[in-house]
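2 protein chains.
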Amino acid sequence: MAKPKKQPRPKAITPKGFRDYFGQEVTQRTEMLRAIADVYHRYGFDALESSAVETVEALGKFLPDVDRPNEGVFAWQEVDENDKGDWMALRYDLTAPLARVYAQHRNDLPTPYRRYAMGVVWRNEKPGPGRYRQFYQCDADTVGTASMAADAEICAMLSDTLETVGIPRGDYLVRVNNRKVLNGVLEAMGLGDDVATRDAVLRTIDKFDKVGKAGVRELLTKGRLDASGAFIDGVGLSDDQAEPVIAFLTSKAAVTAGTLANLRAAVGDSKIGADGIDELEQIGALLDAGGYGTDRIEIDPSVVRGLGYYTGPVYEAELTFEIFDEKDRKRQFGSVAGGGRYDDLVKRFTGQEVPATGISIGVDRLLAALREKGRISAQATGPVVVTVMDRDRMADYQAMVAELRNAGVRAEVYLGNPKNFGNQLKYADKRNSSIAVIEGGDEKAGGIVQIKDLILGAKIAESATLEEWKERPSQFEVPRGDLVAKVREILDSQD
Amino acid sequence: MAKPKKQPRPKAITPKGFRDYFGQEVTQRTEMLRAIADVYHRYGFDALESSAVETVEALGKFLPDVDRPNEGVFAWQEVDENDKGDWMALRYDLTAPLARVYAQHRNDLPTPYRRYAMGVVWRNEKPGPGRYRQFYQCDADTVGTASMAADAEICAMLSDTLETVGIPRGDYLVRVNNRKVLNGVLEAMGLGDDVATRDAVLRTIDKFDKVGKAGVRELLTKGRLDASGAFIDGVGLSDDQAEPVIAFLTSKAAVTAGTLANLRAAVGDSKIGADGIDELEQIGALLDAGGYGTDRIEIDPSVVRGLGYYTGPVYEAELTFEIFDEKDRKRQFGSVAGGGRYDDLVKRFTGQEVPATGISIGVDRLLAALREKGRISAQATGPVVVTVMDRDRMADYQAMVAELRNAGVRAEVYLGNPKNFGNQLKYADKRNSSIAVIEGGDEKAGGIVQIKDLILGAKIAESATLEEWKERPSQFEVPRGDLVAKVREILDSQD
Numbered sequence: 001m002a003k004p005k006k007q008p009r010p011k012a013i014t015p016k017g018f019r020d021y022f023g024q025e026v027t028q029r030t031e032m033l034r035a036i037a038d039v040y041h042r043y044g045f046d047a048l049e050s051s052a053v054e055t056v057e058a059l060g061k062f063l064p065d066v067d068r069p070n071e072g073v074f075a076w077q078e079v080d081e082n083d084k085g086d087w088m089a090l091r092y093d094l095t096a097p098l099a100r101v102y103a104q105h106r107n108d109l110p111t112p113y114r115r116y117a118m119g120v121v122w123r124n125e126k127p128g129p130g131r132y133r134q135f136y137q138c139d140a141d142t143v144g145t146a147s148m149a150a151d152a153e154i155c156a157m158l159s160d161t162l163e164t165v166g167i168p169r170g171d172y173l174v175r176v177n178n179r180k181v182l183n184g185v186l187e188a189m190g191l192g193d194d195v196a197t198r199d200a201v202l203r204t205i206d207k208f209d210k211v212g213k214a215g216v217r218e219l220l221t222k223g224r225l226d227a228s229g230a231f232i233d234g235v236g237l238s239d240d241q242a243e244p245v246i247a248f249l250t251s252k253a254a255v256t257a258g259t260l261a262n263l264r265a266a267v268g269d270s271k272i273g274a275d276g277i278d279e280l281e282q283i284g285a286l287l288d289a290g291g292y293g294t295d296r297i298e299i300d301p302s303v304v305r306g307l308g309y310y311t312g313p314v315y316e317a318e319l320t321f322e323i324f325d326e327k328d329r330k331r332q333f334g335s336v337a338g339g340g341r342y343d344d345l346v347k348r349f350t351g352q353e354v355p356a357t358g359i360s361i362g363v364d365r366l367l368a369a370l371r372e373k374g375r376i377s378a379q380a381t382g383p384v385v386v387t388v389m390d391r392d393r394m395a396d397y398q399a400m401v402a403e404l405r406n407a408g409v410r411a412e413v414y415l416g417n418p419k420n421f422g423n424q425l426k427y428a429d430k431r432n433s434s435i436a437v438i439e440g441g442d443e444k445a446g447g448i449v450q451i452k453d454l455i456l457g458a459k460i461a462e463s464a465t466l467e468e469w470k471e472r473p474s475q476f477e478v479p480r481g482d483l484v485a486k487v488r489e490i491l492d493s494q495d
Numbered sequence: 001m002a003k004p005k006k007q008p009r010p011k012a013i014t015p016k017g018f019r020d021y022f023g024q025e026v027t028q029r030t031e032m033l034r035a036i037a038d039v040y041h042r043y044g045f046d047a048l049e050s051s052a053v054e055t056v057e058a059l060g061k062f063l064p065d066v067d068r069p070n071e072g073v074f075a076w077q078e079v080d081e082n083d084k085g086d087w088m089a090l091r092y093d094l095t096a097p098l099a100r101v102y103a104q105h106r107n108d109l110p111t112p113y114r115r116y117a118m119g120v121v122w123r124n125e126k127p128g129p130g131r132y133r134q135f136y137q138c139d140a141d142t143v144g145t146a147s148m149a150a151d152a153e154i155c156a157m158l159s160d161t162l163e164t165v166g167i168p169r170g171d172y173l174v175r176v177n178n179r180k181v182l183n184g185v186l187e188a189m190g191l192g193d194d195v196a197t198r199d200a201v202l203r204t205i206d207k208f209d210k211v212g213k214a215g216v217r218e219l220l221t222k223g224r225l226d227a228s229g230a231f232i233d234g235v236g237l238s239d240d241q242a243e244p245v246i247a248f249l250t251s252k253a254a255v256t257a258g259t260l261a262n263l264r265a266a267v268g269d270s271k272i273g274a275d276g277i278d279e280l281e282q283i284g285a286l287l288d289a290g291g292y293g294t295d296r297i298e299i300d301p302s303v304v305r306g307l308g309y310y311t312g313p314v315y316e317a318e319l320t321f322e323i324f325d326e327k328d329r330k331r332q333f334g335s336v337a338g339g340g341r342y343d344d345l346v347k348r349f350t351g352q353e354v355p356a357t358g359i360s361i362g363v364d365r366l367l368a369a370l371r372e373k374g375r376i377s378a379q380a381t382g383p384v385v386v387t388v389m390d391r392d393r394m395a396d397y398q399a400m401v402a403e404l405r406n407a408g409v410r411a412e413v414y415l416g417n418p419k420n421f422g423n424q425l426k427y428a429d430k431r432n433s434s435i436a437v438i439e440g441g442d443e444k445a446g447g448i449v450q451i452k453d454l455i456l457g458a459k460i461a462e463s464a465t466l467e468e469w470k471e472r473p474s475q476f477e478v479p480r481g482d483l484v485a486k487v488r489e490i491l492d493s494q495d
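Protein chains in written order, with my numbering: chain A, 1 to 495; chain B, 1 to 495.
Treat the hints as calculated values from the structure; they're not laboratory data. Among the hints, erroneous ones may be present.
Copies of the same chain are indistinguishable here, so a pair counts whether it falls within one copy or spans any two.
Stated by the list, open to error - The calculated DSS-like cross-link candidates involving lysine-lysine, where the alpha carbons are at most 27 Å apart (straight line), are:
id	residue 1	residue 2
1	K271	K252
2	K347	K327
3	K347	K16
4	K330	K252
5	K126	K84
6	K84	K327
7	K347	K419
8	K126	K419
9	K459	K11
10	K16	K222
11	K419	K271
12	K252	K126
13	K84	K11
14	K444	K373
15	K430	K459
16	K426	K347
17	K84	K16
18	K126	K16
19	K330	K347
20	K222	K426
21	K271	K327
22	K16	K210
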């Protein structure tokens with residue numbers, strides 16, 4: 001075999017928009033996914049892990065918000081002799097694969113089918129700060145029932161999930177709206193059949209979060225100067241025509257009954273509007289029966305996200321506590337999960353309408369929220385480090401770590417070059433270790449070991465007076481047989 | 001916007017070689033990965049989740065066993081204006097990404113760096129029965145130390161891991177060999193510099209598992225007729241020349257000291273051979289000190305897998321219990337994990353040699369082994385199903401499942417069409433439920449609920465006499481307030 005030409009060294013970098021996750025970043029996410037899965041499981045949802053790779057055909061060449069075919073996904077053609085291999089692509093969400101799985105396996109799956117899925121998805125989009133092309137999604141969907149009990153259940157489950165992962169009641173709110181009510185409002189306005197204007201109204205409503213009531217009114221009518229000074233054309237409605245939309249968005253009252261009454265006024269005698277309000281009323285009643293009050297889940301027609309996409313109830317979970325943003329301004333943390341009902345899940349495959357409803361939790365945003373609240377720490381506690389004083393006695397040190405591990409203590413022996421003891425303590429520091437164990441020749445002869453409390457040591461070094469120093473030594477000499485017990489005692493004192 | 005042409009319906013299938021995993025298949029694997037991660041963590045290993053997508057450049061255009069560039073991986077070109085975008089690919093294992101991560105972040109990582117990684121990898125290979133193009137790997141590696149203590153630790157950790165996930169001591173063996181010893185044997189044979197013959201010998205040794213001692217002797221010398229009747233050319237050594245190789249492969253004695261003595265005889269005065277034997281001796285001594293006897297880990301020069309790839313110690317974990325293969329023949333379950341030392345991990349990137357050692361566990365094979373042994377069941381117990389007798393009282397049923405879930409019981413309300421009660425029991429059966437709850441109008445009025453023990457019911461229906469039927473009813477009428485307590489009682493009795 002001819003030797004290959006010498007090539008320049010490859011660059012050790014990830015592709016643009018991708019990143020690696022280390023230590024705590026990985027384990028905290030794993031832990032959170034497990035806690036969420038436990039709740040989903042308790043609700044009767046079954047796990048599904050679908051293939052990460054789909055045929056482009058099955059995936060559909062579309063992403064939400066992306067009109068151009070083939071954009072938005074990472075795709076490649078299967079190699080075959082005639083250059084006619086199938087096109088395959090990485091999944092861009094967990095809903096499109098659910099549609100394919102349900103269509104493929106519907107005869108073997110229970111009806112309705114409750115499933116949860118947790119995994120990585122990929123988007124072929126321009127990366128930006130904090131915007132990656134690979135990220136986690138965590139979904140739960142119920143396929144095959146039009147019952148509002150399915151929607152109510154999903155909202156209750158979302159509420160339970162947030163509390164389980166560490167968001168206390170009062171710090172979040174699940175808000176529920178319904179696309180049908182909005183359709184009723186549009187019908188009452190005489191826009192039931194005017195698709196172009198309806199779509200324009202929907203796109204405008206989507207800006208309610210940003211521009212507020214007055215802004216939406218301007219955008220629905222004559223247009224508006226935006227913050228940068230550019231003029232945004234209005235939809236061209238009259239002020240009177242715009243009013244029902246504003247009334248819908250601001251119809252939330254102090255109690256649910258008031259909200260529903262306001263909505264009834266807004267939809268007039270539209271049949272679909274009345275249906276939508278009935279659905280919201282049913283969801284409210286079911287949640288009430290399950291003990292989920294409006295301190296956890298409430299009907300709120302100002303929820304606009306997803307109204308353009310879903311066909312019935314829409315949910316959004318917001319964290320209501322305040323944080324400081326990058327410009328040091330106070331703002332609410334905002335949305336961490338959302339979802340709704342969509343009634344055309346598998347129609348592309350089978351031609352049949354199959355009703356479905358579900359949520360997607362933004363796991364990384366939720367983790368960021370918990371870090372923000374100090375509920376999980378960014379820094380892990382490292383292992384107990386058994387130092388190496390005498391490289392010929394590696395077996396002695398190995399026996400110590402084996403004892404510690406068998407007692408459930410995270411422990412490691414120093415495996416670098418042991419010549420310089422300072423390097424060993426630097427290593428323990430880099431590992432964020434809280435305890436170091438030392439056994440030199442003298443200790444060995446005397447049947448003892450030295451145990452260093454590195455956290456107490458650091459504290460004392462920082463601030464202690466001489467008396468405190470003497471009173472609270474941070475290094476202990478104990479009989480070799482007491483190693484595990486003493487390490488445990490120190491670890492407990494550090495918690 | 002012009003309406004798109006009507007397209008034929010997409011097929012609801014995965015691409016060839018990919019599959020979906022449902023319910024227990026997912027949760028049992030998740031549970032196993034968690035148990036393994038716990039052990040790795042206790043040993044001081046840190047989690048790493050690297051990007052699933054790498055530049056082709058960083059990945060290296062090679063797979064083990066695949067000589068052709070660009071074969072074996074799923075790759076695509078990043079779209080840019082000049083058609084000169086970078087090539088990206090899905091990772092094919094977890095070692096190549098570790099090399100890239102270590103080269104990229106080496107200044108921030110501790111030395112040595114112990115890391116574990118668990119995740120999906122992809123191979124662009126011809127799929128076959130039970131051979132998928134997406135599967136899990138579960139690796140642990142120590143980078144940056146040449147110390148045999150790192151190798152011993154990995155073997156001990158592998159042993160602990162197998163016992164933790166449910167393989168009892170005695171049902172597995174971690175076997176250790178060393179490439180350097182084989183190099184010593186080849187040197188003693190005068191083949192130290194004859195690369196072509198050395199490679200031929202290595203390839204031959206790889207067949208030891210299949211053709212045994214006599215077969216290897218034939219293949220090293222004059223050649224051999226294989227089972228199909230085809231003649232396989234031999235390497236062309238003389239019988240005398242072949243003997244040291246055979247001696248090496250069969251040098252295992254009853255105790256470690258005997259094995260080492262046999263190896264010393266086989267390597268003659270080769271320096272590298274002596275080094276390799278010293279390494280094995282060190283590993284043995286360290287494991288002994290940690291309490292790991294030869295009933296768990298032993299030096300065994302008949303381990304051939306990986307000898308061509310690794311540069312020092314090689315490990316393999318085998319399950320030693322017998323199963324029946326697809327042709328109903330008894331055989332040992334075989335290998336579930338393997339690894340070894342490789343000293344050129346990051347050289348491609350940095351030019352420096354960085355020693356590393358590690359293992360990879362075949363998670364799916366290990367799960368198959370546990371199912372084989374009956375240690376985990378293929379079938380999950382389904383949720384308690386609260387049936388719907390009166391669709392207007394959905395709130396009552398919702399309240400019941402909320403109570404059950406709050407008590408930690410997996411429960412769901414039936415969400416299909418409730419008209420036909422038989423369908424509800426069929427659904428419970430499909431869900432593999434063990435309990436159904438029934439509350440019709442009469443029960444509601446009387447303040448009671450019916451609780452059906454579906455497992456006991458099925459047993460009785462199968463075999464009970466009339467007396468037993470009367471004595472052990474499988475349906476119970478309890479006050480509504482006792483719902484949770486009675487469900488718990490039945491679930492406990494079913495365990």
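Going through the hints against the structure:
1. K271 - K252: within (21 Å within a copy, 84 Å between copies)
2. K347 - K327: Neither, since 46 Å and 43 Å both go past 27 Å.
3. K347 - K16: Answer is between; shortest inter-copy Cα gap is 23 Å, intra-copy 36 Å.
4. K330 - K252: So K330 and K252 pass the 27 Å test inside one copy only (24 Å; across, 71 Å).
5. K126 - K84: between (29 Å within a copy, 16 Å between copies)
6. K84 - K327: neither (52 Å within a copy, 38 Å between copies)
7. K347 - K419: between (69 Å within a copy, 25 Å between copies)
8. K126 - K419: Intra 49 Å, inter 51 Å, cutoff 27 Å: neither.
9. K459 - K11: neither (42 Å within a copy, 65 Å between copies)
10. K16 - K222: This pair counts as neither: shortest intra-copy Cα distance 42 Å, inter-copy 55 Å.
11. K419 - K271: Answer is between: at 26 Å across copies they meet the 27 Å cutoff, but 83 Å inside does not.
12. K252 - K126: Neither, since 38 Å and 59 Å both go past 27 Å.
13. K84 - K11: between (33 Å within a copy, 17 Å between copies)
14. K444 - K373: This pair counts as neither: shortest intra-copy Cα distance 47 Å, inter-copy 45 Å.
15. K430 - K459: Within one copy only: 17 Å inside a chain, 60 Å across chains, cut-off 27 Å.
16. K426 - K347: Between copies only: 26 Å across chains, 61 Å inside a chain, cut-off 27 Å.
17. K84 - K16: Between copies only: 15 Å across, 30 Å inside.
18. K126 - K16: within (9 Å within a copy, 30 Å between copies)
19. K330 - K347: Classified as neither; 45 Å inside a copy, 49 Å across copies.
20. K222 - K426: Neither. Shortest intra-copy (67 Å) and inter-copy (59 Å) distances fail the 27 Å Cα cut-off.
21. K271 - K327: neither (47 Å within a copy, 66 Å between copies)
22. K16 - K210: neither (30 Å within a copy, 46 Å between copies)
The structure shown violates the earlier hints numbered 2, 6, 8, 9, 10, 12, 14, 19, 20, 21, 22.
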